[in-house]
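K.L.:
Residue strings, one per chain:
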Amino acid sequence: MENMLYVSSSPHIRSEVTTQRLMLDVIIALIPAAFAGIYFFGLRAALLIAVTVISSVVFEYLIRKMLKRNTTIGDLSAVVTGLILALNLPSTLPVWMAVVGSFFAIVIVKQLFGGLGYNFVNPALAARAFLIVSYGARMTSWTPPLTVANDIDALSYATPLGALKEGGQLPNLLDMFIGNIGGSLGETSALALIVGGIYLLVRGVITWHIPVIYIGTVGLLAWIIGPDGIFTGNPLFHILAGGLMLGAIFMATDYTTSPMTKKGVVIYAIGCGVLTMLFRLYTNMPEGVSYAILLMNVSVPIIDRCTKPARFGGKAHV
Amino acid sequence: MSILIPVAVVSGLGLVFGLGLSYASKVFEVKVDERISAVREMLPGANCGACGYSGCDGLAEAIINEGVHPSRCPVGGIAVVNAIADYLGIDEGSIDVNVARVLCQGNCDNVVFKYNYLGIEDCHAANALAGGMDACSYGCVGLGSCKKVCQFDAIIVENGLARIIPEKCTGCGNCVAECPKSIIKLVPVLSGFTVKCNNHDKGVIARKNCKVGCIACQRCVKVCPSEAITMDNNLAVIDPEKCTNCGQCAEACPQKCITNTIVKRFK
Amino acid sequence: MAERKKPISVLLNGLIKENPTLRLLLGMCPSLAVTTMAKNGLGMGAAATFVLVGSNLVISLIRKIVPDKVRIPAYITVIATFTTIVHLLLAAFLPELNKQLGIYIPLIVVNCIIFARAEMFAQKNGPLLSVLDGLGMGAGFTLAITAIGSVREILGAGTWMGIPVTVNLFEPAIMFILPPGGFLVMGFLVALFNKLADKKDKSLECETGCEAGCPGCSKAANGGEA
Amino acid sequence: MKELFAILIGAILVENFVLSKFLGICPFLGVSKKTSTALGMSGAVVFVLVMSQAVTWLANEYLLEPYNLEYLQTITFILVIAALVQFVETVLKKLMPPLYKALGVYLPLITTNCAVLGSALIFVERNYTFIEAVVFGFAAGLGFTLALILFSGIRERLETADIPEAFKGMPITLVAASLVSITFIGFAGLIIG
Amino acid sequence: MKFQGFRGGVHPPQAKNTMECATVRMGIPEKVIIPMQQHIGALCQTMVKKGDTVKVGQVIGNSDAYVSVPIHSSVSGTVTAVSERIISGSNPVVCIEIKPDGLQEVSEDVKPPVVDSKESFIKAIRDSGLTGLGGAGFPTHVKLNPPKDAKIDTLIINGAECEPYITSDYRECMENTENIVEGIKNVLRWTGIPKAMIGIEDNKPEAIKKLKKAVENIDNISVHGLKTLYPQGAEKMLIKTLTGREVPPGKLPSHVGCLVMNVASVAFVAEYLKTGMPLIKKRVTVDGSSVKTPMNIEVLIGTPVGEVFKFSGGFVSEPAKIIMGGPMMGISLYSDEIPVMKYTNALLALNEKDGKIPEENVCIRCGRCVSVCPMNLLPFDIDRLVKANQYDDLDKYNVMDCIECGCCAYTCPAKRMLTQSIRLGKDALRRKAKK
Amino acid sequence: MFKDIIKPSIILFLVCAVMTGALAYVNGVTEPIIDENNKIAEQESLKNVFSDADNFLDAKTGEELKTEGIDVSDNIEKLYTAQKDGQSIGYVVSVFSSGYGGKLKILVGIDNDLNIKGISLVSHNETPGLGANAANPKFTDQFLGKAPQKEFNVVKRVPNDDSEIQAITAATVTSKAVTKGVNEAVALVRSIVGGA
Ligand SMILES: Cc1cc2nc3c(=O)[nH]c(=O)nc-3n(C[C@H](O)[C@H](O)[C@H](O)COP(=O)(O)O)c2cc1C
Ligand SMILES: Cc1cc2nc3c(=O)[nH]c(=O)nc-3n(C[C@H](O)[C@H](O)[C@H](O)COP(=O)(O)O)c2cc1C
Ligand SMILES: Cc1cc2nc3c(=O)[nH]c(=O)nc-3n(C[C@H](O)[C@H](O)[C@H](O)COP(=O)(O)O)c2cc1C
Ligand SMILES: Cc1cc2nc3c(=O)[nH]c(=O)nc-3n(C[C@H](O)[C@H](O)[C@H](O)CO)c2cc1C
Ligand code: SF4
Ligand code: SF4
Ligand code: SF4
Ligand code: SF4
Ligand code: FES
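Line by line, the protein sequences are chains A, B, C, D, E and F.
Heads up, the first sequence is in my numbering, so the first residue is 24 and it goes up one at a time.
Heads up, the second sequence is in my numbering, so the first residue is 165 and it goes up one at a time.
Heads up, the third sequence is in my numbering, so the first residue is 489 and it goes up one at a time.
Heads up, the fourth sequence is in my numbering, so the first residue is 59 and it goes up one at a time.
Heads up, the fifth sequence is in my numbering, so the first residue is 71 and it goes up one at a time.
Heads up, the sixth sequence is in my numbering, so the first residue is 46 and it goes up one at a time.
Treat the hints as calculated values from the structure; they're not laboratory data.
Each residue gets a CB set at the ideal place from its N, CA and C atoms; glycine is no exception.
Any given hint might turn out to be false.
Claimed, not checked - In silico SDA-like pairs for lysine to any residue, Cα to Cα no more than 25 angstroms straight-line:
#1 A:LYS91 x E:ALA458
#2 E:LYS101 x E:THR150
#3 C:LYS587 x F:LYS191
#4 B:LYS312 x E:ALA458
#5 F:LYS221 x D:MET109
#6 F:LYS201 x C:GLU659
#7 E:LYS351 x E:PRO319
#8 F:LYS52 x C:ARG559
#9 A:LYS88 x E:MET470
#10 E:LYS502 x E:MET470
#11 D:LYS92 x D:LEU157
#12 E:LYS504 x E:VAL163
#13 F:LYS150 x D:LYS151
#14 D:LYS151 x C:GLU659
#15 E:LYS496 x B:ALA292
#16 D:LYS60 x A:GLY249
#17 E:LYS193 x E:THR150
#18 D:LYS92 x A:LYS88
#19 C:LYS612 x B:ALA292
#20 E:LYS505 x B:VAL340
#21 A:LYS285 x E:GLU474
#22 B:LYS366 x E:LYS193
Stated by the list, open to error - Stretches of chain A that chain E covers, calculated by requiring three or more beta carbons in the stretch to come under 8 angstroms of a beta carbon on chain E:
#23 31-43
#24 135-148
#25 327-336
Start from the sequences, fold in the hints, and give me the full structure.
P.N.:
Here it is in structure tokens:
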């Protein structure tokens, strides 16, 4: 034998799935939602998407360089973060604020904690929360979709949930399903998001547990706690409104910030659902998905700790 | 009046609490030995466990309760031992100041490899796979398991070989226990010439595997004026008690595996 | 404590090497709560310094006569007295600031810095050194929280000491004057300070600074494990 | 009853002592390294908060108010709390060693914990009744517990994270606290009752 | 019978290219190298020295220890060396090198054993040199003689062969069906176990059919098709699938009334009782991307793997990695001088592309490792602690339960070396326990 | 006995006594000043919302008003009477309302003709930059002038008439809370002065 052989510990084969491939799949799955956003909110939406994605990648590159670490933009997770952040922004947001959001997501939430896999809250969502807290007015000035823009006062267009809170005119469910309503540029079209979600399911990137249980919990609670007493709610309205679809399919499922075990995932998804409805119904904020997911992110370490799988052939140890 | 009432209220409280607390501490008194915490304070606080107790707290307890001698702590050195001995009024005893030494010079340039290792950077991990990638099965694997356990940053691994910085090493022995090849030895700081090799293979094999390994040619044995060198299963060993640091062995060694490791600081 | 301490080094100690806020991480609550504005930092710092100096002085004077059993209540009484005095003075002469600082003024009494200095320093040293230590620590505290306040005010409100400074540069991010901003700015400043301050001296870094058994320090954490 | 519930939820979620009121930060940062220690500390804090709220309320009602001595609140409260804590500690040590082992080490740390004195000052400010004050103390303790437990889980995870050198230790802990605090802002607008 | 199954598992590509390759017998090699430890248990002492002549079946290594088996010469010839070599573990093992004389003269000790009681049966099994042929290499006579208080009610015959590439057990089932059935009967008879179950993964329908036919008329032997899912063949999983019982941590199959034997092991029992020829040869699958003609070969134990490859027709490309065993559990060899041993069931030669292991990336907490681990462990967490040198916290994670199946590392998208990390953790815990 | 119990107690007693003595002294000095400060501050804040007045009579609390048979909502804290040259020219109402971050306290100055003279947010816990902007004159000035017959209404666009109040962007909750407080204050004064 002339050449030196490789020696390594078993197993000697690895599956085809790679981090990069998973992230690429998420990007592909988000494309319908991104296009829906551009369709309904115009080129401004496209600009915001481009800006957040590029700035996220650039920040990721620069901060790793600064910290003298290897470059990780190749794993595409920064692209996912940028894309999801963009979909969470109103299309009117000043561009520089979107860049600040990317900075917060990538540098403070992700890389300060060690980068991919180490952050304990969802970077894109934390950045959104940061922007809401910092620039509340800008983050809640919704414009109507281009398709309905001409006849209504542009400045005060309400999202479905906003309208529910303020007693405005509720949009019809079909518009909500297609995305012909106000809101963040990527959250309005349930259709596009579901298409993406099915792609992720088929590719095995996510399992059905989080989206289905999350959305199911919201629907159930919406039905139970109706406006006219118990069991009078309209689950479909709450399911299609706000950022629930985007949140349940793409954000609550983020690996890094969701539990590791099946049991944990169930608790987590139910928690997300309950908190979402708590925020929607019992706070002054019309929308609760972001904070619900963030709060459950924060609880993940404890959930993980309490849901260690039972030992094979015996009781769980500690 | 405006002064009397407040004074009465607060100092009344003070009196009540003073009485209550003093009384309670008398009634509910639980003895603790202050000496333990005093000794604990004097120990270095590295919690390295080199003394064989559960960290410095453990040793402090053992010193007081079991009469263990303070020189059990190899880390603090004479100063700490003296301080504790003074405090407890006991004999200082003697402590050997030891320093760790890696008995191998087989870095990536010197040693021949037998395979291409793909795996975790850890000596135990590589060692589990056919004894590591070095053709010499006695030598330093060079993936730094020792470095990971040294709390004093005294070990660096360069070019596939661990090296100990004697100025930083406290002789705690953690690395000695960790090395899968058992090639780190604690030696008295003042010992000078050392055979930096651990290879017990026959000369031919040793020469084939490593450029700087001991090939058991016995030249050092012959040249040593104080008969301090013996052969142990194909490996030269220097007895520090007998060694006079004359350095003739180092010159005689064709493989250059005897070196003067005495450190300036200790001279 | 055999070695003699130099008054100057005692005074300067608190500024950087053992900066109570950024190095020893004592008295975190006021450092975070009142620092929404630089001005509050100054006010809070001055108030705390007054209490520190006063209590250090009194405690170093009475340290020999107070028996161990009632040491804690006695010291606390002293500290509480000075705190109340400050509170009353503020209410009388600077009512605006008093309102801004709210319950954090009476809370100076439980500020770990003060108790820690009483236990660590005044307890063991004479009045002169104790006063200097109080001054140094107080100055360090003031400096630190004014710095935190400045950063938060500039980023979060676009003003400094109430003066607009960023008018057209950027829209201030309100988060910085809310609780999360406090933690964030503090985190960055501590990181910066660790980098600036004596690098070799790692052990001091937050973990083992306080010997008074103050909550912030590792003794608390380790205590639970033992 | 509804009032009490509002106080309870309010103090746990909306005005969480640690995350939005900045009270009790020192133990929050100091004792959150391990979930087990966090549990111990939380237990001790809840215990002391409930006891001290009761005692300080009584002291305020029957010693200070009758004589118009409100300005002595600080000194009286802190004295009462210090004595209480020390007394409890001594008694526990002797009578209930297991409980002392679990809570004891934290007790002395609590005297200098803003949360205890802070909640006493707050009940005065808000004119709470005895029951309300005690419930408030209990809820504040629970809020502290919630924050501490969640945070300890996160910190255990940070333990093995690959954090930049300058941020290792306290700085990253503070940044993490900031993020947790952002998430709690979600509760800020909770309409209770 | 209901499929109970186990949790987790993975589906690596099967690559069973040699299913239809009937076993070819390889001749006598240039030299054989026989290590004195080919089993779990005590090392054997050498019974011969350099220069001695030995015959086929002659005992050349033995030990007084109970958990150990004798080692026989697989050739007749002259001992040319007795020396320590590194095989695959960290410590060198004494090996006897024999130069065959080509005559294959059989030792006079080789004769059918007289078996008339359980004791004599156990003794015969020990003398046969049989250690588990399923890959673990545990001395079979120890297994067959469980502690008195263990009531064994089921003999499980492991024909799962869940690893990719390997088909040697399948060939065993196809070519040696009678011996398998007879071996089972023998074991049942002498150990008093009432029934036997044969488990075979359902990607081998022919074998299932054939064995079903063979046991048609036997009441207490049944054949079960198993879902094709790695690591179906691991004994704890197999027991769970076939009987629904879970072997508790740290306990043996006998704890739940089971005894697991590989198909080749039982077939060998039958053969030995008939002929008395000890374990000197092994059926080995030769495959992999560098191998020209994948095939099943019957090889004399001690044959250097290089010669086996040469016999199979050599390589299409320079191999970058040689694996003894399957790709999931096998050991990668550093040299082609390493001999085939009793437990060797496959030899794989992989080319550069297949042989290289991708670089580790950071864990993205995807949870895949957790969901595939058949032992319900948290591989990412163990890995995290091991990498951080935090061995103290490791006890809580049941590290010792890991069966090193490799599912976690196989499935990890970040390509983390989880199984190796866990081995390291086990190693550290063992060292700690020793201290 | 003495050393263990009595002595510590005496010392603690003495420390407390001395310290409290000092405190009581300081309090003696500062108390009048603080009281004075508070009074001035109160007058100032009242004057802020009713600059025409030169004196404010001591307040009546909501409870007291109730006993006088005036219909007041629970949110009314106090009612001050504003005087000019000894003549009552109007009222200042201190009213609570619940905003985004909890209670708001609002002072509303209203003259006898139901003209709103001034509004100020005395204390609130609203989010800086959002709800807190309700304290800005930009928002509060919308209320000045004659109180509408019905009530003030919050709208999210440019107001059409004087009874409409434009909400602060993204702080509708606060805007509504302030408006509700003002409406209650107006209702109270209306019931006192009658009709107009
Ligand atoms: C120390 C030790 C003792 C064992 N003792 C027995 C035994 O008494 N009875 C038995 O049936 N198997 C025994 N085994 C064998 C195991 O049950 C098992 O077959 C062997 O470890 C291989 O497992 P695997 O093939 O799943 O890898 C023992 C194994 C070891 C390592
Ligand atoms: C992950 C794993 C996979 C295994 N796969 C098989 C297999 O496919 N076939 C087999 O006979 N033994 C397999 N084994 C070994 C069995 O656990 C067990 O040791 C063997 O069946 C016992 O029989 P033996 O002692 O006759 O070898 C596997 C072990 C492990 C840990
Ligand atoms: C962190 C945060 C703080 C907020 N603060 C206030 C506030 O102080 N006052 C307020 O009216 N709304 C506040 N809001 C917004 C409300 O939740 C709600 O969105 C808004 O009042 C609805 O008004 P709009 O219809 O004008 O958007 C805040 C929201 C967030 C997320
Ligand atoms: C299914 C899936 C969902 C993801 N969702 C998010 C997300 O909501 N926000 C985000 O910043 N990154 C997301 N990522 C990318 C990546 O996991 C994330 O940046 C990590 O949290 C960084 O450590 C997602 C990745 C995957 C595979
Ligand atoms: S080099 Fe070894 S003996 Fe020396 S301090 Fe480090 S671990 Fe201890
Ligand atoms: S000395 Fe030992 S532990 Fe250190 S690198 Fe070499 S082989 Fe590894
Ligand atoms: S190798 Fe161990 S940890 Fe990994 S899947 Fe298999 S049993 Fe689980
Ligand atoms: S499979 Fe790999 S990336 Fe996924 S959780 Fe496990 S170790 Fe992490
Ligand atoms: S300052 Fe608040 S607990 Fe220390």
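K.L.:
Now tell me, hint by hint, if it's right for this structure.
P.N.:
Okay, the hints, checked on the actual structure:
no. : hint                : result
1   : A:LYS91 x E:ALA458  : holds, 20 angstroms
2   : E:LYS101 x E:THR150 : holds, 9 angstroms
3   : C:LYS587 x F:LYS191 : violated, 34 angstroms
4   : B:LYS312 x E:ALA458 : holds, 9 angstroms
5   : F:LYS221 x D:MET109 : violated, 40 angstroms
6   : F:LYS201 x C:GLU659 : holds, 23 angstroms
7   : E:LYS351 x E:PRO319 : violated, 34 angstroms
8   : F:LYS52 x C:ARG559  : holds, 12 angstroms
9   : A:LYS88 x E:MET470  : violated, 40 angstroms
10  : E:LYS502 x E:MET470 : holds, 13 angstroms
11  : D:LYS92 x D:LEU157  : holds, 19 angstroms
12  : E:LYS504 x E:VAL163 : holds, 22 angstroms
13  : F:LYS150 x D:LYS151 : violated, 49 angstroms
14  : D:LYS151 x C:GLU659 : violated, 56 angstroms
15  : E:LYS496 x B:ALA292 : holds, 12 angstroms
16  : D:LYS60 x A:GLY249  : holds, 22 angstroms
17  : E:LYS193 x E:THR150 : violated, 31 angstroms
18  : D:LYS92 x A:LYS88   : violated, 32 angstroms
19  : C:LYS612 x B:ALA292 : violated, 57 angstroms
20  : E:LYS505 x B:VAL340 : holds, 13 angstroms
21  : A:LYS285 x E:GLU474 : holds, 22 angstroms
22  : B:LYS366 x E:LYS193 : violated, 41 angstroms
23  : 31-43               : holds (count 11)
24  : 135-148             : holds (count 5)
25  : 327-336             : holds (count 6)
Checked against the numbered hints given earlier, this structure breaks hints 3, 5, 7, 9, 13, 14, 17, 18, 19, 22; the rest are met.
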